[in-house]
Amino acid sequence: MSHYQTSYRHAIEQPEAFWAEQAKRIPWFTPPSTILEYDDQGHARWFVDGEMNTCFAALDHQVAEGRGDQAAVLWDSPVTGEKRRLSYREMRDQVARFAGALAGLGVTKGDRVVIYMPMVPEALVAMYACARLGAVHSVVFGGFAPHELAVRIDDAQPKVVVAASCGIEVDRVIAYKPILDEALSQSRHRPDACVVLQREQSRAELTPRDHDWQALVAEAAPAECVPVKATDPLYILYTSGTTGKPKGVVRDHGGHAVALHYSMEAIYGMQPGEVFFSASDVGWVVGHSYIVYGPLLRGCTTLVYEGKPVRTPDAGAFWRLIEEYDVKVFFTAPTAFRAIKKEDPEGRRLEDHDISGLRALFLAGERLDPPTFHWLDDLVPVPVIDHWWQTETGWPIAANPLGLEAVPTKAGSATYPVPGFNVQVLDRDGEVAPANTQGSVVIRQPLPPGCLTGIWRDPQRFHAAYMAAYPNCYLTGDGGYFDDDGYLFIMGRTDDVINVAGHRLSTGEMEEVLGSHPAVAECAVIGIQDALKGQLPVGLVITKDGFDGDETALEAELVARVRQTIGAIACLKEVLVVPRLPKTRSGKILRKLLRTIADGEEYGIPSTIDDPASLQEVHEQMRARDLGQSSQARPAG
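Mapping of the sequence shown onto the numbering used here: position 485 corresponds to residue 485, and the numbering continues sequentially without gaps.
These aren't lab readings, by the way, just hints derived from the structure by calculation.
Treat the hints with care, since some could be wrong.
What the hints assert, rightly or not - Using C-beta positions, here's what the derived DEER-type ranges look like:
1. Val173 x Ser516: 50 to 56 Å
2. His147 x Glu37: 23 to 29 Å
3. Pro612 x Asp458: 53 to 59 Å
4. Arg359 x Arg625: 42 to 48 Å
5. Thr108 x Gln621: 55 to 61 Å
As the list claims (entries may be wrong) - Calculated lysine-lysine pairs in the DSS-like style (CA-CA distance at most 27 Å, straight line):
6. Lys159 x Lys24
7. Lys533 x Lys592
8. Lys573 x Lys245
9. Lys583 x Lys245
10. Lys24 x Lys245
11. Lys544 x Lys245
12. Lys410 x Lys342
13. Lys573 x Lys544
14. Lys83 x Lys159
15. Lys245 x Lys159
16. Lys229 x Lys109
17. Lys533 x Lys342
18. Lys544 x Lys342
19. Lys342 x Lys308
20. Lys592 x Lys573
21. Lys573 x Lys583
Here a beta-carbon is modelled for each residue, glycine too, at the ideal position from N, C-alpha and C.
Produce the complete structure using the sequences and hints provided.
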């Protein structure tokens, strides 16, 4: 039996014994004696009587192990022309000092802190400072608009908000402070204070509520690590829900640290002292797991990049970073390489750089389409590995486990389930589907350590959204199948959350924005296939009776409204005013059918449709606007 098979069977058949061994590899203040427990709803809880601190495990412990002078964080910012190196000792000291500053503002164990920052080392410092105090951080992506930030502030109810004065894009500087001020004017909750990191590209005007980061830290005393229970929350990370109301995914300290430490070795094959580069953002789960926490828990060096795959300065940016910092494993989203491929289709920028130190290229965040896989596989001299996971799981569900046993890759597949994840594909009756048959992908309990432990302030939503559909199973919301060799293929979402450039966005949330316009009577947002970003949203709206305005102007206004409310990250650039929307007789809009048409696939007209002519009308408008592949769609038969 192979090393992978042995590990996988051990983790599935004897989960307590398997994870007890992994738990011994991180430092505990009180080692756990109860490895696995279930709550009254049957949800797994790991290491329930253990005490530790994530900041201690990632920083203080590493210094004690002799890594004080080793680089913990490397920062490369082509948009500012700056670079920095922080050793483990320097990182520990800065975190301890900023934790003392937060404590001086009244932040204690269990309090929440919202962090609204770009890709700068201080973002990591702020996250670790919260962990050091036992406070719960909630990082909000810097590109989100005031409304989205306000929603998260109201839900998390932070004692303090930590922000930067600005973020820097390729061609502009985005002032964060006015966005934060507007969000606070919209939110019902009022934090006690805001801490602002001043950046020279756009300094913020501070109010009496605000504190300058540098001034605050200069007066603070270093704070020690606060022991917390393994099951205490480390962070809240908001992900879009199908209802449009963001879900605050809660991650704990103990299970999170054990799982990430294990994954860094078993999946990515990383050894202490090596450089790991994840081209993501701290606002997303990839940034949390594999920029901020995973590499440092393993004693590696993390590369923090404030730039883009292209235009900072060109499509060779990633290759330059891999060469300059001797990156061993690189992780990004397929959309990044689609952008690179668009600007450098022959991959000639790679010829300018020596990436011989690279061992593997990992991709996740959306399905790695076979054309992009083959382009990369032909271009780079290392394994190109698609792996699949979610904000909710926090680490990979399926991957080619380099640290256990590398196996041949298959285009379109995330390879094998990772030890700890009992993945099954179920048919409509809840029975295990045979090989090569698509169904609903689930994970049987117990979920391994590191997965979400709940939805912030909404335990019923946690159970209803993930655990209620199939007994003793976590519903991933993805469809897929296993092939005859046991390779897992994930084919896409089964709900109406779309995946835009690796970012899960709720179509329901966009519909709420469109529907709030006084001229709109009804609307639908669907995701259509896009060669660069995976999916793009398209809005379909019906105007109210009596509307006699300019439809083109209305469409532009609706696009701007979504951008203002949700942010440019939504990527909604097309809105069509239509006379009718195809519906069932019960009034349900046939969104899946609309997606099928937009993607150019053959479609059948369902017997439940109320007005077949409405379908043809929308189809013709999509075709006239040249949306997706709609011109190739045709009714079956």
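Outcome of the hint check:
Between Val173 and Ser516 the CB atoms are about 30 Å apart, so this pair departs from the stated range of 50 to 56 Å. In this structure the hint that His147 and Glu37 lie 23 to 29 Å apart at CB is violated, the actual value being about 39 Å. Remark: the range hint 53 to 59 Å for Pro612 to Asp458 is contradicted by a beta-carbon distance near 40 Å. In this structure the hint that Arg359 and Arg625 lie 42 to 48 Å apart at CB holds, the actual value being about 45 Å.
Between Thr108 and Gln621 the CB atoms are about 57 Å apart, so this pair conforms to the stated range of 55 to 61 Å. For the hint pairing Lys159 with Lys24, the CA-to-CA distance comes to about 34 Å; that exceeds 27 Å, so the pair is violated. Using a Cα cut-off of 27 Å, the hinted pair Lys533 and Lys592 holds, with the two alpha carbons roughly 19 Å apart. As the CA atoms of Lys573 and Lys245 are separated by approximately 22 Å, the hinted pair is consistent with the 27 Å bound.
Simply put, Lys583 and Lys245 have alpha-carbon atoms about 24 Å apart, close enough for the 27 Å limit, and the pair holds. Simply put, Lys24 and Lys245 have alpha-carbon atoms about 39 Å apart, too far for the 27 Å limit, and the pair is violated. The suggested pairing of Lys544 with Lys245 holds, with an alpha-carbon distance near 26 Å, which does not exceed 27 Å. Simply put, Lys410 and Lys342 have alpha-carbon atoms about 24 Å apart, close enough for the 27 Å limit, and the pair holds.
A distance of roughly 22 Å separates the Cα atoms of Lys573 and Lys544; the hinted pair therefore holds under the 27 Å criterion. Note on Lys83 and Lys159: the hinted pairing is violated, with a Cα-Cα distance of about 32 Å set against a maximum of 27 Å. With a CA separation close to 22 Å, the supplied pair Lys245 and Lys159 stays within the 27 Å bound. Among the hinted pairs, Lys229 with Lys109 is consistent with the structure: their alpha-carbon atoms are about 11 Å apart, no more than 27 Å.
Distance restraint check for Lys533 and Lys342: the Cα-Cα separation of roughly 12 Å lies within the 27 Å cut-off, and the hinted pair is therefore satisfied. Restraint check for Lys544 and Lys342: not satisfied, since their Cα atoms lie roughly 41 Å apart, outside the 27 Å limit. Using a Cα cut-off of 27 Å, the hinted pair Lys342 and Lys308 holds, with the two alpha carbons roughly 14 Å apart. Annotation: proposed proximity of Lys592 to Lys573 holds, straight-line Cα distance about 20 Å (limit 27 Å).
The suggested pairing of Lys573 with Lys583 holds, with an alpha-carbon distance near 24 Å, which does not exceed 27 Å.
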